[in-house]
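Student: Letter by letter, the chains look like this.
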Amino acid sequence: MRPTGPARLRAAVGSPFQLLLLACTFALAGYAGVRLLAEDWFGVALWFVGAAVLHDLVLLPLYAVLDRTVVRAAGAVGRQELTLYVRVPAAFSGLLLLVWFPLISGRVADRYRSFTGLSPDGFLARWLLITALLFGGSALLMVLRLRLQRRRLRRATKDRPPAVH
Amino acid sequence: MGREPARPVRRAYGLGMARSPRRWPPPSSPAFWRSPLRGPWFTSVLGVVLLAGITVLFVTGLLSYAAYNPDLSPVNDKTPDKGILGFYLFSWPTDPYWLYRLNQGVHVTLGITLVPVLLAKLWSVVPRLFQMPPARSLAHALERLSLLLLVGGALFEFVTGVLNIQLDYVFPGSFYPLHFYGAWVFFAAFVAHVVLRAPTAVRNLRRLRGSEGASAPPPGATGSPPSPPPVSPPVSAAEPSLVSPNPAEPTVSRRGALGLVGGGSLLLFATTVGQNFDGPLRATALLAPHGGAEPGSGPAGFQINKTAASRGISAAETSEEAWRLAVTGPGGTVRLSRADLLRLPLNSSALPIACVEGWSTSDQWWRGVRLRDLAALVGYEADAAPDVLVESLQRRGAFRRAALRANQVRDPRSLLALDVNGEPLTPDHGYPARVIAPAVPGVLNTKWVARMTFGELR
Chain S
0 MRPTGPARLR AAVGSPFQLL LLACTFALAG YAGVRLLAED WFGVALWFVG
50 AAVLHDLVLL PLYAVLDRTV VRAAGAVGRQ ELTLYVRVPA AFSGLLLLVW
100 FPLISGRVAD RYRSFTGLSP DGFLARWLLI TALLFGGSAL LMVLRLRLQR
150 RRLRRATKDR PPAVH
Chain W
0 MGREPARPVR RAYGLGMARS PRRWPPPSSP AFWRSPLRGP WFTSVLGVVL
50 LAGITVLFVT GLLSYAAYNP DLSPVNDKTP DKGILGFYLF SWPTDPYWLY
100 RLNQGVHVTL GITLVPVLLA KLWSVVPRLF QMPPARSLAH ALERLSLLLL
150 VGGALFEFVT GVLNIQLDYV FPGSFYPLHF YGAWVFFAAF VAHVVLRAPT
200 AVRNLRRLRG SEGASAPPPG ATGSPPSPPP VSPPVSAAEP SLVSPNPAEP
250 TVSRRGALGL VGGGSLLLFA TTVGQNFDGP LRATALLAPH GGAEPGSGPA
300 GFQINKTAAS RGISAAETSE EAWRLAVTGP GGTVRLSRAD LLRLPLNSSA
350 LPIACVEGWS TSDQWWRGVR LRDLAALVGY EADAAPDVLV ESLQRRGAFR
400 RAALRANQVR DPRSLLALDV NGEPLTPDHG YPARVIAPAV PGVLNTKWVA
450 RMTFGELR
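Respectively, the protein sequence lines represent chains S and W.
Numbering follows numbering that gives the first Met the number 0, in which position 150 of the first sequence is assigned residue number 149; successive positions increment by one, without gaps.
Numbering follows numbering that gives the first Met the number 0, in which position 2 of the second sequence is assigned residue number 1; successive positions increment by one, without gaps.
In short, the hints are calculated from the structure, not lab data.
Model, not experiment: these values are computed from the prediction.
Note that CB positions come from ideal geometry on N, CA and C, so glycine has one too.
One should not assume that every hint holds.
From chain W, some residues computed to sit far from chain S (all C-beta separations above 12 Å) [as the list claims (entries may be wrong)]:
(1) F179
(2) S313
(3) L376
Simulated restraints on C-beta separations [to be verified]:
(4) S:L18 <-> W:E455: 50 to 60 Å
(5) W:D382 <-> S:W40: 42 to 52 Å
(6) W:W23 <-> S:G77: 21 to 31 Å
(7) W:S313 <-> S:R110: 12 to 22 Å
(8) S:P15 <-> W:T54: 26 to 36 Å
Generate the whole structure from the sequences, applying the supplied hints.
Tutor: Below, the structure is given as structure tokens:
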């Protein structure tokens with residue numbers, strides 16, 4: 000049955016509780032937002048919206064495509080089960096790079112040295128070392144697991160009762 | 000093997016897509032999103048973790064703001080037009096003396112730890128961004144608008160925080176107002192989101208406890224068919240499900256994916272938390288700004304916020320001959336050299352340096368003149384010492400002047416320190432004299448003190 004007059008209006012407007020709640024949200028967000036935008040409204044708005052757009056339309060598709068490439072490559076060589084051994088260290092390494100990019104890239108090196116009296120030179124090396132350890136550890140784990148699997152498989156074939164021909 | 004056998008499967012799941020000339024459905028179609036991980040269980044688990052985590056972030060953030068005593072004096076207040084957003088401010092206590100160190104360590108370390116959870120949560124709901132029709136009702140349209148504040152706000156807060164602790168000041172303005180007002184904009188949308196979604200998330204978790212996570216195939220189960228779509232999600236009829244109608248072959252179970260997110264969090268936590276402790280623990284914070292090595296060796300080899308050189312403090316102006324501390328009160332102004340100060344009653348206290356950037360030192364042994372005793376020099380009873388305005392020699396910097404409240408001045412552990420760990424202060428730690436007080440944010444522990452005005456904060 001098609002909704003009639005008042006019902007249709009209710010459907011178009013939605014839940015009154017939700018409306019009230021969202022009105023409160025926008026009131027508070029507006030109060031803080033006016034102050035947030037007071038200095039450099041364009042720059043802040045750009046950062047606010049830009050962060051969401053950059054994440055949803057650049058970062059997320061980028062790592063999704065990279066991940067799919069790994070899955071496809073593993074599938075192409077017929078070893079889908081190897082995906083994880085690339086995916087996990089790559090994800091961890093990428094995560095560290097994402098969070099500590101200013102330090103790892105050295106873009107704040109001068110200020111960092113001047114402010115803190117610490118050397119800014121170690122970050123890239125440490126990140127590379129962690130990345131190497133992650134991939135190395137993952138490769139080691141893979142080799143061990145594959146060997147274990149093969150041994151189990153061999154034992155299973157040995158223990159099998161002789162086939163009746 | 001490979002591609003050929005996959006085709007009929009796809010057609011079977013294709014929901015009539017075979018007739019479409021397009022190879023891929025548009026992102027607005029649920030069939031575009033093929034990960035078998037997406038679904039109410041995955042999103043709900045991440046949502047509940049964020050609900051707890053972000054609540055802690057917000058509360059510790061508000062406490063950190065209160066710790067500056069912004070209502071005490073304009074010099075402490077980087078957000079003078081805060082209005083009702085400062086409704087909760089209270090005079091910051093001096094007990095326990097590690098309160099700010101703990102609060103800020105939790106705020107920053109937890110924030111970094113939650114980065115993978117936030118990313119995973121946003122990934123799990125990204126199909127909703129492209130959902131058609133854009134809005135089913137006025138209320139729904141407003142909810143989606145509030146999601147822009149939620150997602151934009153969350154990313155804005157995390158990005159400004161992560162950049163600020165790495166001294167990368169590329170954001171448009173001063174960190175304090177951006178992070179403070181941004182937090183309120185975000186929090187407004189967060190509360191609405193929690194009220195509208197948390198009941199569903201909790202119901203999902205109760206109903207699907209174990210069943211869905213466990214039912215997904217184990218990693219590497221390439222031969223098995225895609226898991227059947229889980230129990231239909233209990234959302235309103237019009238809300239499209241996050242479960243893909245055309246799932247790709249799973250390469251990891253949902254539990255495995257959560258493990259990846261948790262592992263990422265653990266890795267970030269493990270390589271960050273050490274910057275809150277001296278000694279071997281600091282060395283474990285491999286990529287954190289104040290992890291790794293100490294800036295020097297010996298008694299004053301602990302972490303520095305801003306070096307003397309970076310603040311333009313020269314040896315000439317801090318020398319025994321040149322430097323005098325001016326202490327002002329109703330009894331007039333007293334000028335004291337470092338030697339004069341060393342002749343006053345000296346006391347010791349063990350206090351940490353704790354920075355808003357989420358790093359801290361262990362307790363250091365400071366020795367110097369009690370702030371309350373300095374107040375007594377200029378006409379106050381030590382027990383009735385008032386607020387004090389402390390001014391540094393430094394010419395630049397947001398906190399070259401800072402105000403301390405009476406409770407901080409009266410605390411017998413609050414010192415104008417002259418020595419640390421048994422040796423005179425070094426230039427980088429504030430020679431000739433610096434303030435050190437319990438539970439105070441690092442920048443209010445003014446270094447290179449030149450003038451102290453008791454009872455008058457402007």
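Student: Next, verify each hint and record whether it holds.
Tutor: Now for the hints, and whether the structure bears them out:
{"no.": "1", "hint": "F179", "verdict": "9 Å, violated"}
{"no.": "2", "hint": "S313", "verdict": "15 Å, holds"}
{"no.": "3", "hint": "L376", "verdict": "34 Å, holds"}
{"no.": "4", "hint": "S:L18 <-> W:E455: 50 to 60 Å", "verdict": "51 Å, holds"}
{"no.": "5", "hint": "W:D382 <-> S:W40: 42 to 52 Å", "verdict": "49 Å, holds"}
{"no.": "6", "hint": "W:W23 <-> S:G77: 21 to 31 Å", "verdict": "25 Å, holds"}
{"no.": "7", "hint": "W:S313 <-> S:R110: 12 to 22 Å", "verdict": "20 Å, holds"}
{"no.": "8", "hint": "S:P15 <-> W:T54: 26 to 36 Å", "verdict": "27 Å, holds"}
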